[in-house]
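K.L.:
One letter stands for each residue in the lines below.
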Amino acid sequence: MRRFVITVVAALAVVVAVSGAVLAGTGGGSSVTRARLERSLPTEFARLYADQAGLLGHRGVTPASLQARAMCDKGGAVEPDVGPGSNWICLVSWTDPNVPMPPEGYGKFEVDVHSNGCFTAGGPSKLVGFQTITDRRGREVTNRLLRPERRQHTDRQ
Amino acid sequence: MTTGTLPAEAGTTVPAVAARRPGLLAALRFETLKLRAQLRAKCLLIGAILVPIAVVVVVHSQPRPPKDTLFGRFATENGFAMALLVLGFATQWVLPLLTAIVAGDMFASEDQHGTWKTVLTRSTSRSTMFWAKTAVAIAFALVALTLLAASTIASSWLIVGHQPLTGLSGQTIAARSALELVSASWAVMALPIVGFTCLALLFSVWSRSAAVGIAAPVVLGLVMQLVGALGGIETLRPFLLSTPFEAWHGLLAAPRFTGPLLDAVVTSAGWSVVCLTAAFLILRRRDITGG
Numbered sequence: 001m002r003r004f005v006i007t008v009v010a011a012l013a014v015v016v017a018v019s020g021a022v023l024a025g026t027g028g029g030s031s032v033t034r035a036r037l038e039r040s041l042p043t044e045f046a047r048l049y050a051d052q053a054g055l056l057g058h059r060g061v062t063p064a065s066l067q068a069r070a071m072c073d074k075g076g077a078v079e080p081d082v083g084p085g086s087n088w089i090c091l092v093s094w095t096d097p098n099v100p101m102p103p104e105g106y107g108k109f110e111v112d113v114h115s116n117g118c119f120t121a122g123g124p125s126k127l128v129g130f131q132t133i134t135d136r137r138g139r140e141v142t143n144r145l146l147r148p149e150r151r152q153h154t155d156r157q
Numbered sequence: 001m002t003t004g005t006l007p008a009e010a011g012t013t014v015p016a017v018a019a020r021r022p023g024l025l026a027a028l029r030f031e032t033l034k035l036r037a038q039l040r041a042k043c044l045l046i047g048a049i050l051v052p053i054a055v056v057v058v059v060h061s062q063p064r065p066p067k068d069t070l071f072g073r074f075a076t077e078n079g080f081a082m083a084l085l086v087l088g089f090a091t092q093w094v095l096p097l098l099t100a101i102v103a104g105d106m107f108a109s110e111d112q113h114g115t116w117k118t119v120l121t122r123s124t125s126r127s128t129m130f131w132a133k134t135a136v137a138i139a140f141a142l143v144a145l146t147l148l149a150a151s152t153i154a155s156s157w158l159i160v161g162h163q164p165l166t167g168l169s170g171q172t173i174a175a176r177s178a179l180e181l182v183s184a185s186w187a188v189m190a191l192p193i194v195g196f197t198c199l200a201l202l203f204s205v206w207s208r209s210a211a212v213g214i215a216a217p218v219v220l221g222l223v224m225q226l227v228g229a230l231g232g233i234e235t236l237r238p239f240l241l242s243t244p245f246e247a248w249h250g251l252l253a254a255p256r257f258t259g260p261l262l263d264a265v266v267t268s269a270g271w272s273v274v275c276l277t278a279a280f281l282i283l284r285r286r287d288i289t290g291g
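Line order of the protein sequences matches chains A and B. Going by our numbering, the residue at position 31 of the first sequence is 31; the numbering climbs one at a time, nothing skipped. Going by our numbering, the residue at position 286 of the second sequence is 286; the numbering climbs one at a time, nothing skipped.
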């Protein structure tokens, strides 16, 4: 019994020591940064939007023609814009001749970023629509834009 | 006269004894035989084929897709998304459990039945036994993973369909390359599952109890997922054995990235080597006189 306790305590000590050394050595940097999110969210959004425009029968909408752009912030001015969390806010703007943007010129997306780099972005429903949409053939299909589900952003750039 | 015959006798008897001692092949064959006789191993393999079919049918019949899970949004209308949804779920605890049920019992069953002394004094050496058991456990894990993957992909393909897949960067992936990517994603899981097999073998040797050998790797896997999900200690993530389970995400992004795959190879190999070395040393130094 004593040997078992000693082993467990020793194992715990080793784990804590190694984690401490790793944390101290690397400074606790996160792979989730504002720049990466601002790069990957518009790319993904534009592709989904163009895909959806094709379903709706809107012509001439390509990921490039949308010129989607995002400006992201985590937790307001008091928090540094780095690390995972559900308090990321991204203002996404794009241009679609078929659908005019609201006067402010952007949509506000609430983004939940996980530590593995996956994120879920929820946009305003007046811009992205409801759960299902009716495509040009009259079928009910899943709305691609409503809460674009977790997507990995490129974590090696 | 007598001095002339003695070395000749010794010379004939020593190789005869050595030849009778079975090598690694015989030990492998015997361990496979023992595994094939186990009811739970058979049940696991049959379950790996049947359970995914049931899961796919049930999820497919849901009126609302499980949209908060990775690839859940399109799972009810796209077979590839369904196969990846099942993969995401399997990596949480199913894959560690699948391998731990056999590997965690591998060494502990000898303790349970009190057969160490019999086997080691008459049949084979400790190291031969160790490598045979390790090889059989890893082979079983890979077979189980293959069956689970094949069953999931095939049933998703047949039941849900094979439309073009929407990838992780919003890009559309044609059905053919989607099938390749989904298969590759499942194949990558071989790395962490080997790691978890070695972890289960270590617990099996160390604790001499099948319960610990089976439960500890699964619980540790869940703890590692929890640690990996915490913010602030992300630098620990590459060292966790649960991180390779997410390495497939990069395959389905639009600028495909393979960094996590390399990390997965290094992490899984590291854990495997450390666990196997520790298990081997414990087994070598163990005092087997009791049962």
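Keep in mind that the hints were calculated from the coordinates and are not lab data. A portion of the hints provided could be inaccurate.
[As the list claims (entries may be wrong)] Here are the simulated DSSO-like pairs of lysine-lysine, each with C-alpha atoms no more than 30 Å apart in a straight line:
#1 B/Lys117 x A/Lys126
#2 B/Lys42 x B/Lys117
#3 A/Lys126 x A/Lys108
#4 A/Lys108 x B/Lys67
K.L.:
Now look at each hint and say whether the structure bears it out.
P.N.:
Now the hints, each set against the structure:
no., hint, result
1, B/Lys117 x A/Lys126, "violated, 74 Å"
2, B/Lys42 x B/Lys117, "holds, 28 Å"
3, A/Lys126 x A/Lys108, "holds, 11 Å"
4, A/Lys108 x B/Lys67, "holds, 21 Å"
The structure fails hint 1 only (numbered hints given earlier).
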